[in-house]
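Next come the chains, spelled out residue by residue.
There are 2 protein chains.
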Amino acid sequence: MNNKERLVVIGGVAAGMSAASSFKRIKPDAEVIVLEKDYFISYGACSLPYYISDDVKDFNNLISLTPKVATERGITVFLRHEVLSIDPMKKEVHVKDLEKDEKKVIPYDKLVIATGGLPIKPPLPGIELEHIFTIRTLVDGIEIKKFIDQWTTFDVCLGPMCTYRNRFGAEKRTMKALIVGGGYIGMEMSESLKKRGLDVTVIEKMDRVLGNMDASIADIAEEKIQSEGVKLYKGVSVEGFEGENRVVTKVLTDHGPHEADLVLLVIGARANTKMAREAGVEVSANGAIKVDDHLRTNIPDIFAAGDCAEATQLVTGKKVYIPLGTTANKQGRIAGENAAGMDHTFEGIVGTAVTKIFDLEVARTGLSPIEADHEGYKYFISTIQGKSRSSAYPAGKPMTISYVVEEESGRLLGAQMAGIEGVAHRIDTLATCLYNKMTVEDVARLDLGYAPPFATVWDPILIAANVALKKLKKTE
Amino acid sequence: MNNKERLVVIGGVAAGMSAASSFKRIKPDAEVIVLEKDYFISYGACSLPYYISDDVKDFNNLISLTPKVATERGITVFLRHEVLSIDPMKKEVHVKDLEKDEKKVIPYDKLVIATGGLPIKPPLPGIELEHIFTIRTLVDGIEIKKFIDQWTTFDVCLGPMCTYRNRFGAEKRTMKALIVGGGYIGMEMSESLKKRGLDVTVIEKMDRVLGNMDASIADIAEEKIQSEGVKLYKGVSVEGFEGENRVVTKVLTDHGPHEADLVLLVIGARANTKMAREAGVEVSANGAIKVDDHLRTNIPDIFAAGDCAEATQLVTGKKVYIPLGTTANKQGRIAGENAAGMDHTFEGIVGTAVTKIFDLEVARTGLSPIEADHEGYKYFISTIQGKSRSSAYPAGKPMTISYVVEEESGRLLGAQMAGIEGVAHRIDTLATCLYNKMTVEDVARLDLGYAPPFATVWDPILIAANVALKKLKKTE
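So the sequences go chain by chain: A and B.
Letter by letter, the first sequence follows residues 1 to 476 in this note's numbering.
Letter by letter, the second sequence follows residues 477 to 952 in this note's numbering.
Calculated from the structure, these hints are not laboratory results.
Ideal placement from N, C-alpha and C gives every residue a C-beta, glycine not left out.
Errors might be hidden in some of the hints.
Said to hold, decoys possible - Stretch-level coverage of chain B by chain A, calculated; a stretch enters the list once three of its residues show a Cβ under 8 Å from a Cβ in chain A:
no. : region
1   : 513-525
2   : 909-916
What the hints assert, rightly or not - In silico SDA-like links for lysine to any residue, alpha-carbon gap of 25 Å or less:
no. : chain 1 : residue 1 : chain 2 : residue 2
3   : B       : K950      : A       : P28
4   : B       : K913      : A       : D293
5   : B       : K621      : A       : P453
6   : B       : K946      : A       : P28
7   : A       : K387      : B       : T542
8   : A       : K474      : B       : D819
9   : B       : K913      : A       : I463
10  : A       : K24       : B       : A920
11  : A       : K146      : B       : P929
12  : B       : K947      : A       : R25
13  : A       : K437      : B       : S867
14  : B       : K947      : A       : D343
15  : B       : K949      : A       : I26
16  : B       : K533      : A       : K68
17  : B       : K946      : A       : E347
18  : A       : K437      : B       : G793
19  : B       : K946      : A       : G74
20  : A       : K68       : B       : T792
21  : B       : K863      : A       : T66
22  : A       : K471      : B       : R549
23  : B       : K950      : A       : I26
24  : A       : K24       : A       : H344
Whole structure, please, built from the sequences with the hints as guidance.
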């Protein structure tokens, strides 16, 4: 090892590459090594549904930074290098080159753990069968798309009076996709697979889709996917899988079996922390690596960022695990800056998320009613129907907005929305309200833009605030 | 007069009808009289460009509340009743019924002045010619549309080898429209008239369109209207009008004449305060009625709201005159509530406005660079190019964002944006930042939503904040 200061980053996707880049910007003469277990770095996993749907043809479009460009910027990237362990005393990581099957020891001055999240894959009977996918990495996306492409593209004729068969030996027919889990990714993938012409079924364990969204919003999403031909079964638990020739053919549930050629397990993610824990890095009850507002772990010179780390929910002030690309990028950048000697803080998140489900926009920020319950808030829910455009202007669309409001104080705790247009960016206004701990009375005072093609003269955000305010005054 | 408490409202459009309605809600047994000089009440003047363009066929769609429905709600509406004077000592208004040419005296307990704004119409030679329009009231819109309809619809053949002529006697040819003033309404009307197939020219006195917007944004609007075939002349002053048979045919400027069949004067508005001033109601230097945060004027029991009144610009803390429908509705509601004995405040505005110019969205909030100069702020401008969607997701559009940032403090003073999509609602997030007096460092911390169809993983708002932050640190 030379005398240059060295940052080692474990994991080369959003948080890891952000950390590597920000460190290098501040210390251009230092050495930066990124160790990535997989084949790719720096890709936008949120775009995988649109790659699989073929809206994005080439997976290279999902990649922001190739190892070549990273190298040109002075960041050394080792692909297919798995970190086996961290030795915080000696300040070195033990690495396995998966291609060459060789072990190496790499010393570090500063270490950023950005090992991301792992898809939850319950140990059900038959879980090892082929064509049961999770979707988290670019490789997952490539494999799912390849499978669909092969099913739909390659025909094999079996004789003069042939029945066409695809290369999997099945008679050519519509592929049956079964999505286990009705969260954001399950909803997005139901659109993605439907676009590919698949017969799509979603199975959700809970009584609604979109996790703990308010029913007023979840109902709209359910109606949307069903109107697009997706079958939805709620309150149904998967108990196992059956297959033929090592390939899945059936999903077994507590309400009977479903035929399936492709199974997608999208029931959530957990922080990938095994190696960190073994090195003595503390992990929270939420399963993610404990970090302070400088993204420091409990061990000196070791930082953590992204889907393996926790963040402060600014509404409650408590640490939470909400793995999202936006947070990973921000945390990664600040972890890298602080590893390079800066003194930057990552205050936290308010839990903003947005998704497109066919032509429906669904968004949330802050606490859902279930979360507000869980945190012991006294709150009420106030839901309104607004419109995306002036009633005079043609083609306005209805929009549902639901606020979670603390009783007595009137503080906005959370907001959820669904509608065909004007939802995706309106949620950001409410996220800004939460950041500033505004009451619904404050929200009602906002000077929001108005023009007939974009809003009603009382913006739906203001109407919702005024309605909530009225309810609040009645409870006073 | 009976013994019931009586509210009199002068002016029945946005502020006036809001005041009448909110007063009646609180005091259902009191009497509410609305005096409207014109033929219509309670219409959305912001939709007039879309009525003229024929996107909205029927002007009744612009009306929220008819006199009939208002009456059913216990609000007495007198159309075509002009208030000639207010007697604050006797607490009565002197009114002229314009239809019957009769005078009346109406006593009040509380009075709300909502006389709105008047279009600026300079006393240039020929200004009295026909087919020179302003656009402020529904009647203005109806007249402009009728003129265009008649020009384009009615053909008169003048003999066997006829040349078709329209009913104005002109040979059938494309109508030439000349818009004087390149502000929001001028831009919207250029689209509106172009949609009707007119030959459209805009003449602007200043060096840019959209008033005091930053050049980086105004340039985009200029390119847009020109690419749509609108002719634009900047730095040109109108000096008068020429006509034939009392009808305008030419607009004279300091750069030569322009032929015109229709002239639209959209060079701004001023508060309509003559009658209020004559009654002793104080008016600010900005020309609008002075009001406190309860919308009270200097005279007891007289309130003012809407386009005749001023408002506090929360960024500077100073009173300004920015007549907009959103403010008129809010002020009207609160004036009515306070007239009914409530104790509500109208804090103020941050100067948010949004407009659609063909398929371009343009928006602003807070101070423009010129306004920041005028207020004596030390500031810098930071402009970025963002994208409306993830680079992986198809059909993303460029978006320009320009921040006005105070030196040293880093406080956001204003923001302006232009782009084909994702602009109209993003401005509301920045308006919320201004309301909370956030610095660009605060803005960069916001937890904004991300999904590939709606944003980049670093939202353009955050990219702009980070770039501004870098500039700020360099100036420190």
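- Message: Between the alpha carbons of K24 (chain A) and H344 (chain A), is the straight-line distance 25 Å or under?
- Response: holds, 16 Å
- Item | Satisfaction of hint between R549 (chain B) and K471 (chain A), Cα-Cα up to 25 Å | Holds: K471 (chain A) and R549 (chain B) sit about 23 Å apart, inside 25 Å.
- Message: Hinted pair, alpha-carbon criterion (25 Å max): K949 (chain B), I26 (chain A). Please report holds or violated.
- Response: holds, 14 Å
- Query: Is K946 (chain B) close enough to E347 (chain A), meaning Cα to Cα at most 25 Å?
  - Reply: holds, 19 Å
- Does P929 (chain B) lie within 25 Å of K146 (chain A) when you go C-alpha to C-alpha? Judged against 25 Å, a Cα distance of about 23 Å means the pair holds.
- Restraint check for K946 (chain B) with P28 (chain A), where alpha carbons must lie at most 25 Å apart: holds, 17 Å
- Agreement of K68 (chain A) and T792 (chain B) with the hint, judged by alpha carbon distance not exceeding 25 Å: violated, 50 Å
- Query: Between K437 (chain A) and G793 (chain B), is the straight-line Cα distance small enough, at 25 Å or below?
  - Reply: At roughly 22 Å apart (the allowed maximum being 25 Å), G793 (chain B) and K437 (chain A) satisfy the hint.
- For the pair supplied as a hint, K474 (chain A) and D819 (chain B), is the alpha-carbon distance within the 25 Å limit? holds, 17 Å
- Message: When I compare C-beta atoms, does the region 513-525 of chain B have three or more residues closer than 8 Å to chain A?
- Response: holds (count 3)
- Item | Pair hint outcome, K863 (chain B) versus T66 (chain A) [Cα-Cα no greater than 25 Å] | holds, 21 Å
- Task: Would you check the hint for K913 (chain B) and D293 (chain A), treating anything up to 25 Å between C-alpha atoms as holding?
- Result: holds, 23 Å
Hint check: violations occur at hints 13, 16 and 20; the rest are consistent with the structure.
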